[in-house]
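Chemist: Assemble the complex: chain A is given as a structure, and chain B must be docked to it using the hints.
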Amino acid sequence: MNLKNLLTVLVLSGSLAFATVSCKSKVSDADLRAKVESSISSNPGVTVDVKEGVVTLSGTVATEDERMAIENSAKSADSKGVKSVVNNIVVNAPQIEINSNDVDLKAKVVDATKDFPTISTTVNDGVITVTGTLEQARVQVLKQSLDALSPKRVDMSSLVIK
Amino acid sequence: MALTTKYQRLIETAQSSGIADLQIGEQEGVLHIRGTAPNADAKNKLWDVYNQLDPNYLSGDVVMNVDVTTQETGSKARVITQNSNLNIRKGPGTEQPIVGKAAKDEIITLISRANDQWWLVRTADGEEGYCYAQYLEPIS
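Taken in order, these protein sequences are the chains called A and B.
Going by our numbering, the letters in the first sequence line up with residues 1 to 162, in that order.
Going by our numbering, the letters in the second sequence line up with residues 1 to 140, in that order.
Here chain A stands alone, though its shape is the one from the complex (with noise of 0.2 Å):
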């Protein structure tokens, strides 16, 4: 009887101290939720969640590229205690804001070509076509000029390149 006491204690408490040891040996939801968010730290639009070493992610990013890029670093931030990861990740592009505003934009091109006599330029629609003639050393700071004023398109294809 009292063997049998002492055996049921030991096997408990050996379990006992066996589980409190494996509990110990896996990282917590909190600890892993702070190593993925670290190992993600630069895409400040995603958040993390964890539960039982399931990782969630959400918020939106920029690109697939971006998307796929912070799921492998999660993955890869305690590969021992992530179990999967989640990824609900939006990809969601911003639309890059582009002067079409044809007035607003011929006004600037005027200022822009201010230092460039040998060229002509016209807007249509967003469009800045130059014509004309120009030395190899300045189109570039005329690309830049024209560029800078966030066109829809800048067609240089007519233009002769001395």
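Partial selection, computed: residues in chain A whose CB lies under 7 Å from chain B: (1) Asp115; (2) Ser145; (3) Ser150; (4) Val154.
Just so you know, the hints here were simulated from the structure itself, not pulled from any lab data.
Note that beta-carbon positions come from the ideal geometry of N, C-alpha and C, so glycine has one too.
Modeler: Frame of chain A, contents of chain B only:
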């Protein structure tokens, strides 16, 4: 060929150059690249890569509007006109009256940015007015 393939090296360069608020997107057959470069070198590098992929930018399938962040209020900039003086105007626009001039290579102080194209500046002589941002090169 898809634009993102044609300009892959440009995109990769932009992504690895520490460009802030980098936006890359294709709209109506044109690849738009936006952002703020940490310095003039990073911006120049992008333009060099772009020029290698599309010599003289004649294809017209990229619009790259990358600013340089060092153009901060109170910092200095060099006038980089071709050979003429840079007009300093009463307001931001070429229709505004000229209130002063800055010589080529003159160093001026940036006071505040009026918009993407115009800076309010002060010359070494103390003249204040607006001048065109494209003709100013930040001094780091």
